[in-house]
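A.B. asks: Listed here are the chains, written in short residue letters.
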Amino acid sequence: MKRTTQALGALGVVLFSASMGLADPVDDTLIINEETEIVTRTAAPAHISDALDEVMSGWLFRGAETRAMQADDFDNPGMIFVEQAEEKWASADGSEGKSCADCHGAPEEMAGVRPVYPKWNEAAGEVRTLEMQINDCRTTRMGADKWKYTGGDMVNMTALLASVSRGMPVDVAIDGPAQSTWEQGKELYYTRTGQLELSCANCHEDNYGRMIRADHLSQGQINGFPTYRLKNTKLNAVHSRFKGCIRDTRAETYDAGSPEFVALELYVASRGNGLGVEGPSVRN
Amino acid sequence: MKLHITTAIAAVACATSAWAGEIAPTQVAFDDGQVAQSLSGAPGDPVSGREIVGSKKLGNCVACHAVGDLSEVPFQGEIGPMLDGAGDRWSEAELRGIVANAKMMFPETMMPAFYKTEGFIRPGNAYTGKAADETFGPILAAQQIEDVVAYLATLKE
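Sequence order for the protein chains is R and Y.
Going by UniProt numbering, the first residue of the first sequence is number 1, and it counts up by one from there.
Going by UniProt numbering, the first residue of the second sequence is number 1, and it counts up by one from there.
Simulated from the structure, these hints should not be mistaken for lab results.
Among these hints, one or two may not hold up.
What the hints assert, rightly or not - With a straight-line Cα cutoff of 27 Å, these simulated DSS-like cross-link-like pairs (lysine-lysine) come out:
id : chain 1 : residue 1 : chain 2 : residue 2
1  : Y       : LYS103    : R       : LYS148
2  : Y       : LYS130    : R       : LYS146
3  : Y       : LYS130    : R       : LYS234
4  : R       : LYS243    : Y       : LYS103
5  : Y       : LYS130    : R       : LYS231
6  : R       : LYS231    : R       : LYS98
One chain only, chain Y, in its complex shape (with noise of 0.2 Å):
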């Protein structure tokens, strides 16, 4: 068993230092909620943004919150604040460090941290109910926040 856990974190160690200039979930450094870092070490891609934001596989952000340019996309949700403008309101290093981990900016809220790997309470292995496994990761990848972040500072009023 001990010898299996090792195994796996040398893994890990291996596939991330593959691309080099990638930020771990673990390593991320928060400044008063904000990441000014890119993530994954490049620019993101707008288009693949917007599809992660609207899609129920990828983030599903629209489950809590709805965003007028993806009129698309049906039943939009209504927990968190309608993402429109947010690229006004909020500075690219804010929106990533939002979308990594929104508790850093606001304390206790709903919102998931969607690039981080510790600290849960029964993790799972995604919608199975059973049990995380050695394949738990963040939600979304670092290059796929990455490009969330990119589609959201096109959101301007």
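Isolated chain R, as found in the complex (with noise of 0.2 Å):
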């Protein structure tokens, strides 16, 4: 008897979860600290519109435990990183004997320098990510060596940097040089890859909200990047989970830092254009 009871909740969960349809991201506030209110859910940017309504983080797909973690900095894993990441922006590095506080001052004047990333550079005539970025200064300025594109210390330095910027709007410009490159971007989006052919917007504009075996499909929006993940207890680059889900279709992915990856992530942080930043957030 007990175990027909048990078989027939199992059913009833499976036939209630698979008739919910789109099931909705939770209904909460993101709020850092006690202070920082973070924009979780907004109404996509005009470039979207003809295919999402609104824009969610990922932070609205996590449970209840996870939410909680990113809302308060002693809970926050990522917020190790950060501090290790503070000791290199004040240590000097390379042949001109500078650290990043040299030119740059307290880690907090760089606040709005996120949201605006991948950005078109003038003078080098290319749109940049943060972390080609923060190599270029530690080439040209400092006279030290690149960071690995997702290695530690780069992927610390990018959530440093994000985290004086949380609760800012992302608002990268795709308009004017920056616009062939979003345009690439997007066609990377849409593309099928693959021998499972599926491209970004099968799973995450189609298909939010819904269950993809045990993972609730968000909009895979990257304002929490980096990203703290509970599954591989380190942060982690939006290169690197470009290529986890490209490698999850079956397909040859791309290199981190590759032309491919920094047009679809101009294109990626453009559809979640308003949302808050929220690096380093924490995710499962």
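Reassemble the complex: the two chains are provided individually, in unrelated frames, and hints are given to aid placement.
C.D. replies: What follows is the structure in structure tokens.
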């Protein structure tokens, strides 16, 4: 009798979740350290309003415990890496004997930088990610070696730069000289890659809110990067996440820092224009 | 390099001819999304098919579909329709066509083709993120497709 009840109960759950269709993200507000309110849900920017009405942070698709971890810096494991980056920020490196702080002052002076990257760089004639800009400072201004694109030092530094912009709205420019890169990123977003022939849009535009096996699909926004993932207990860079998602379509991925991923990052970032910067966020 | 490819093709051709009656992924005849003939030339085994549908390492159909009969499998997906009653809704030839290449029945569908080896953009070597190599084959073998079809046919309401 007991076994039958359990079996029926399990079936009930399956039937219920399957018939729910597009499950709603949670109705919750993200306030960090009881002071910084983050916009996790807002009207879609005009350039994607044909595809989505609203844009939503991945935070709204995570469980209560994961959401709570991000709301308090003492509980957010990503903040340990921010502290490590604060040390690097103030340490001289390279042949010029300079630190980041020597040119830029306190990390807080960089508030407002994260939300506008990737960004067109006029002198270089290219769209640059924050990582590219950090490495440019290291090589041309400090005379130091480049950091590995998704390595520990780099991802920690991007976490520090995100943390001082938390709550500011993502606002990447997609027009003017950045437009062709943006178009390339859009093309990649809708290309069905790999043996499973899946595009980013298949999962994150057409099916967000639904379960794909054990995962609750979000819109795949990048306002929360870098993300501390409970799954691998470290900070994860945007391009590492792109790699993982493309790998999961049984495809040959692009490399971190490749022109393709730079373009894709600009496009995906633009889909989240208006969402608050959250990095380092907590995800599963 | 050229020699290499020729050898590989020869090897595949030999391997295929080992099972008389097996239809290669590139030779499947779709008629209105349906495939009439068994891909392996043999009947399917529903017990094996049940395992393939539920297993993450095999068909992983439950990533997208819920199946009431597989209630012991946790975390079933919500992307595609529930498969309960699929055996009532579809004939064997239709089920075979849907599993082999669902895009023949439902154009643009998100459902992957499980018996297809050509026409992909940046095909990879399984889930490694690396480019496909000469071991690249369909996600499920001919007999596995038949087993899945046999299992789906048992899903009656």
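A.B. asks: Are the hints correct? Go through all of them and say.
C.D. replies: How the hints compare with the structure:
{"no.": "1", "hint": "LYS103/Y with LYS148/R", "in the structure": "violated (41 Å)"}
{"no.": "2", "hint": "LYS130/Y with LYS146/R", "in the structure": "holds (25 Å)"}
{"no.": "3", "hint": "LYS130/Y with LYS234/R", "in the structure": "holds (23 Å)"}
{"no.": "4", "hint": "LYS243/R with LYS103/Y", "in the structure": "holds (26 Å)"}
{"no.": "5", "hint": "LYS130/Y with LYS231/R", "in the structure": "holds (22 Å)"}
{"no.": "6", "hint": "LYS231/R with LYS98/R", "in the structure": "violated (36 Å)"}
Checked against the numbered hints above, the structure breaks hints 1 and 6 and satisfies the rest.
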